[in-house]
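Next come the chains, spelled out residue by residue.
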Amino acid sequence: MERVLMKGNEIIGEAAIRSGCKLFFGYPITPSTEVIEYLSANFPRAGGTVLQAEDEIGAINMCYGASCTGARVMTASSSPGISLKQEGISYSAAVELPMVIVNVNRCGPGLGGLGPAQSDYFQSTKGGGHGDYRVITLAPSTAQELYDFTMQAFDLADKHRNPVLILSDGFLGQTMEPVVLKERPKAPEYDKSWIVNGSKGREKRILASYSLTNEIGEKNNLYWEKKYNGIQETEQQWEEFYAEDAEYLLVSYGTTGRICKSTVLNARKKGIKLGLIRPITLWPFPDKAFIPYKDKVKGMVTVELNTGQMIEDVKLAVECKMPVHLYRRQGGMLPTENEILNYVEDKFGLSKEGEA
Amino acid sequence: MEKVFARSKGLTDVPFSFCPGCTHGIIMRLIAEVLEELDIIEDTIGISPVGCAGFSQDFFSCDFIGAAHGRAQAVGIGAKRALPDKIVFTYQGDGDIAAIGTQHAIHAAARGEKITSIMVNNAIFGMTGGQMAPTSLEGMKTVTSPYGKDVSTTGYPIDMPTLVANLPGAVYVASVSVDSPKNIAQAKKAIKKAFKVQQAGLGFSLVSLLSTCPTNWNMSPSDSLKWLRENMMPVYKMGELKVTEEVESL
Amino acid sequence: MMDKVIIAGFGGQGVMFLGKVLAYAGMGSDLDLLWIPSYGPEMRGGTANCSVILSDEEINSPVIDYSDAAIVLNKPAYDKFAPRVKPGGVLIVNSSLAKLEDVRDDITIVQIPATEMANELGNTSIANMVCLGALLPSLNLVDYEKVEKTMDKLTKKRPQLLEVNLTAINKGISFVNE
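Residue numbers (the numbering used here), protein chains in the order written: chain A, 1 to 356; chain B, 357 to 606; chain C, 607 to 784.
Don't read these hints as lab results, they were simulated from the structure.
Taking CB as the label site, the calculated pair distances span:
1) B:360 with A:184: 53 to 61 Å
2) C:729 with A:189: 53 to 61 Å
3) A:235 with C:682: 43 to 51 Å
4) C:749 with B:440: 52 to 60 Å
5) A:182 with C:706: 47 to 55 Å
6) A:226 with B:590: 51 to 59 Å
7) C:750 with A:182: 27 to 35 Å
8) A:80 with C:685: 31 to 39 Å
Straight-line C-alpha distance at most 25 Å; calculated SDA-like pairs for lysine to any residue:
9) B:442 with A:190
10) B:545 with B:524
11) A:200 with B:414
12) B:442 with A:197
13) B:442 with A:47
14) C:692 with A:262
15) C:763 with A:4
16) A:200 with B:396
17) C:763 with A:41
18) A:288 with A:316
19) C:755 with A:4
20) C:626 with C:716
21) A:226 with A:188
22) C:762 with C:643
23) B:538 with B:392
24) A:347 with A:330
25) B:548 with B:596
26) A:294 with A:347
27) A:269 with C:608
28) B:552 with A:199
Beta carbons: idealized from backbone N, C-alpha and C, even for Gly.
All chains, full assembly: derive it from the sequences and hints.
As structure tokens, this is what we get:
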């Protein structure tokens, strides 16, 4: 299998092509632009359609229309652009449309800056737009995961008839790292009996989301709720790193997730039993990962690039049975492995006993 | 007895739910007849908007996608790009296409998207109860312009077809009315031409139809038709506003 | 084993390309590696920098707080990144564009008149390659042979640049060895 060096954003584009994606609708915004640039150069000869839309709203609604026909479709943007797409994502969730949405998270609020951030965690995992819906959210932390998770995202979207979000960040998007271009695992056949493609030989179909009465509205909400509960039960993914015997755990995803691995290795060298839980699905949040640890670990630190968003889900997952602290950098800054370790030692009074 | 008139196969048997005197029903019938005559009912995907025009999804017998307010053309473009051999049309009110969704109309025309847009212009927001629209006329009283529309602060009526006709990708643009049997016949011709343009893959086609809203205009159906003729037709440029040579030779 | 290298200079001095040469040399040797550009407003003029991490084991943290080596192609880059080299590390300074005072004595500083040397070779834009040559003997995981192989691929579209780039690198190596 081919091992190549590519920018994170380009990897997403290549993985989409190899996932059988047929259409891409987008709008340029730093630091996600290389996705549409890469696809503009490489998608047409693979039989794909790339359309640079008039705006983000147009792009997401084009995804909506294309998905209604059963085609694999993707869009990519960065934080402010993803905000603009939220109405369309809400409609897509309501009509249960499979699509892949990439958010190369930059810092905010407002125009913000172009540096990496995890400030869109709430937006990604709690619905994001209006109404009570959920979007499956995958958080890659390496080039290889950008590739693998993009492929997985298309299958999850089809499997659950739901939008899937890939939450990357400016750092992962711009960095070049080797990636193995694995062949696509054979995707199972998905039910497409719901699509709209002309009514030849069948009854007409309508794909829409209006609830004419409150009774219909509640029935719809109950239906979606059941589906989301099922996804929460079956699709949680996470990685554990030196967690088994850990006295303290870091919890972190994406770019900071991989920084934390270095922190754990440094801590272990100093005799501190530190481990890491790295959520891969942010929704559904992997609360199952915490079950073996919530009665035995002395404390946890979430490491985030925001004011503390995932920490709320961690506290719920451990039922507040132990102190959960936050170490964060913001505005496009990344923490170093040592900064994080200093914080852990300080918070849990480990500096003295740690010095071997 | 000889059957002289029947419901078009392009319509379902769901009864229209529009207010008395509303001309949506006439316009939908015309489209349905065109779909039937061109034998494309089973190859067509309609896109319904938000607003009174949104009910269209239940009345046409072809496949339908319900779009968010203003997004019908973007949704239609997504479907058409995915299935270039199908016929895709949007059925939109003036609020949908000339207020919240203007950018999609302009860019659909600029790119020459091979879809057909039907715009139903009654100069008001009907579904939400008669608010001012960008298409409302100067001095027109609505619930959000109770003292009459003051164009100096709320803007002049937007003539969407004229605007769109200026763009090279729009190959057929017509502005018609359904206020009289003669005009209804003309309107049908325009609609048919717009669909033929799409069948031939020539570019973007738009048909705007002046329509009434007796309920929110606070007029009888017959007074509404009169008001349309006397007030709307002088403001909005009527007729075939853009017919390219290729369309001419269809 | 790891090499963490920071490269900085003006936009247009070939900072990103220098980083890519190191990165692709690492690819050719099946190393794990990262090529990290500064992106955003900085790339629209002014200073440019990128960093490269090469490793013979998996790279976890991509964040360099202190680098093993740095190449600075001008004075602002020197001011910004000289303090970021770890004690015992190596700093290559393009002395044509950076006159130094009060230099650190806990790192090895190589002051090389790279722009002048590049001009002598008839191409001012290869000062970056002269500096790369000056750094190569200090790296653990990449050497001249690996760079030579990579350069072949990187200049495929403009083969006239292959020879001149390799010459520049060799000049840099000789400068250090002398």
